[in-house]
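Visitor: For what it's worth, the numbering used here labels the leading residue of the sequence shown as 1, then goes sequentially.
No lab work stands behind these hints: they were computed from the structure. Please note: incorrect hints may appear among the correct ones.
Restricting the straight-line Cα-Cα distance to at most 30 angstroms, the calculated cross-link-like pairs of lysine-lysine (DSBU-like) are [to be verified]:
(1) Lys306 <-> Lys240
(2) Lys272 <-> Lys228
(3) Lys179 <-> Lys338
(4) Lys228 <-> Lys47
(5) Lys321 <-> Lys338
(6) Lys338 <-> Lys240
(7) Lys244 <-> Lys208
(8) Lys228 <-> Lys321
(9) Lys358 <-> Lys208
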Amino acid sequence: MKLNMIILSATLALLLFQGLKGSCQKPEINLVEATGYFSEVKDLTDKDNGVLWGKSLWCPLMLIDRNTRQVIANEPDRMGLLKQNNDVYTGIFPAEKIIANSTTDLGGVTWAMVGLPLDADPYQRNSLLIHEMFHLLQPTLGLDVRGGYSNGHMEQMNARIFLKLEWLALEKAVASAGKERERAIKDALTFREYRRSLFPGADTNENKFEKHEGLAEYTGNKLTATSKQELTQHLISEEKSYTKSEGFVRTFGYVSGFFYAFLLDESGKEWKEEIRSVDDLGHLTAKAYSIKLPVDPAATAVTEGKKYNLDEISEMELARKNDNDKLNQLLVERFTNKPIVVFDLEEMHMGFNPAGLKVLEGYGTVYFTITISDNWGVLNVTKGGCLVTDKNEKAIISADGIQPEGTSIEGRGWTLKLKDGWMIEKDGENWIVRRR
């Protein structure tokens with residue numbers, strides 16, 4: 001998520017709040033800037049004209065200020081919730097809905113939704129907006145990923161080691177050509193094959209993630225870049241950035257999918273029709289470059305890995321594992337042995353930073369910052385984390401500093417706004433949220 005602050009003038013505040021009775025809050029959305037953002041993206045999608053995926057990517061798009069919940073959209077809704085304001089449509093996003101870079105339903109329309117502020121850099125801003133627009137259209141393009149995916153194994157040391165090696169080989173492939181490129185792709189696919197052999201069944205979830213987020217990331221960058229050189233530059237820059245991130249569980253698919261889609265384009269082979277029915281971008285890449293994997297991927301992965309600093313990466317990952325084990329112990333204690341607040345998850349929607357989470361094997365996933373909406377209300381965690389149990393059955397937070405009176409409840413690092421008909425009550429040393 002690439003964000004920067006957008007500041008507005010008092011004059012535009014009057015425009016935005018036209019027709020909103022009783023509001024005196026200064027908006028933080030600049031209507032002129034937002035209109036310009038829509039225009040830039042419209043120009044890029046018009047320029048593509050459906051060439052990339054056989055259909056225009058221009059679609060209903062709304063920008064939402066995360067603090068004021070103010071909306072600017074590029075077209076009207078069907079229920080009149082948004083009011084026309086020159087070339088855009090404005091309103092307030094419902095309090096019970098999650099603001100995230102995702103898709104949402106409002107006023108009888110399904111929208112690509114992006115939270116504000118946006119990045120000042122036009123490339124980063126436009127690629128993000130097109131990324132989210134692609135998600136909205138993904139099902140209509142025959143690229144829907146149903147059933148979700150979980151890649152908790154990417155917390156494991158060997159998964160991280162051989163993912164990093166795969167990316168290094170892919171980076172080499174992007175920077176080379178001919179036989180050298182083919183050798184680098186073969187190395188990458190060998191590291192990939194060996195990694196997946198260590199975690200049986202992981203390929204299904206990895207493929208879903210790469211197809212879902214990787215193709216969206218590829219599309220956003222492909223339409224925004226003005227040249228192959230610029231596209232390559234952003235691909236490598238993104239890989240370097242994600243390599244330095246703490247967790248790969250909810251991030252690796254952005255990079256891997258982008259890499260393989262780029263190389264598939266470079267092959268000169270038609271692949272976009274095939275990916276509609278084939279899940280594995282790696283298999284398509286091997287086919288496009290006529291690459292056969294070694295008979296013994298394990299032995300080859302270790303041998304070839306040394307050319308990509310396997311020993312150094314392994315040493316770094318072992319140190320991380322030792323530190324990670326200590327942190328995991330502290331987190332398990334925080335969410336099991338100390339006073340906690342427990343929520344049943346019935347119809348959960350959540351927004352979170354995909355780089356800010358940690359999988360606790362046997363317990364679930366800890367999101368260090370997250371917003372959850374459900375039948376009971378909205379929980380916003382900004383510090384201390386929230387454990388969402390496996391299968392998304394419960395959410396758990398620390399009860400430290402809890403002030404349980406009323407419907408607006410606070411604790412250390414979190415706030416909870418309960419809906420009518422719900423309450424929080426003591427349950428032994430812990431607290432539970434339940435219907436009255």
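Visitor: Against each hint, give a clear statement of whether it holds in the structure.
Guide: Hint-by-hint comparison with the structure:
1. Lys306 <-> Lys240: holds, 20 angstroms
2. Lys272 <-> Lys228: Cα-Cα ~18 angstroms, so holds.
3. Lys179 <-> Lys338: Violated, because 58 angstroms separates the two Cα atoms, which is more than 30 angstroms.
4. Lys228 <-> Lys47: Roughly 16 angstroms between the alpha carbons, so the hint for Lys228 and Lys47 holds.
5. Lys321 <-> Lys338: holds, 25 angstroms
6. Lys338 <-> Lys240: Outside the cut-off at roughly 38 angstroms; violated.
7. Lys244 <-> Lys208: The given pair, whose Cα atoms are some 23 angstroms apart, holds under the 30 angstroms limit.
8. Lys228 <-> Lys321: violated, 38 angstroms
9. Lys358 <-> Lys208: Within the cut-off at roughly 20 angstroms; holds.
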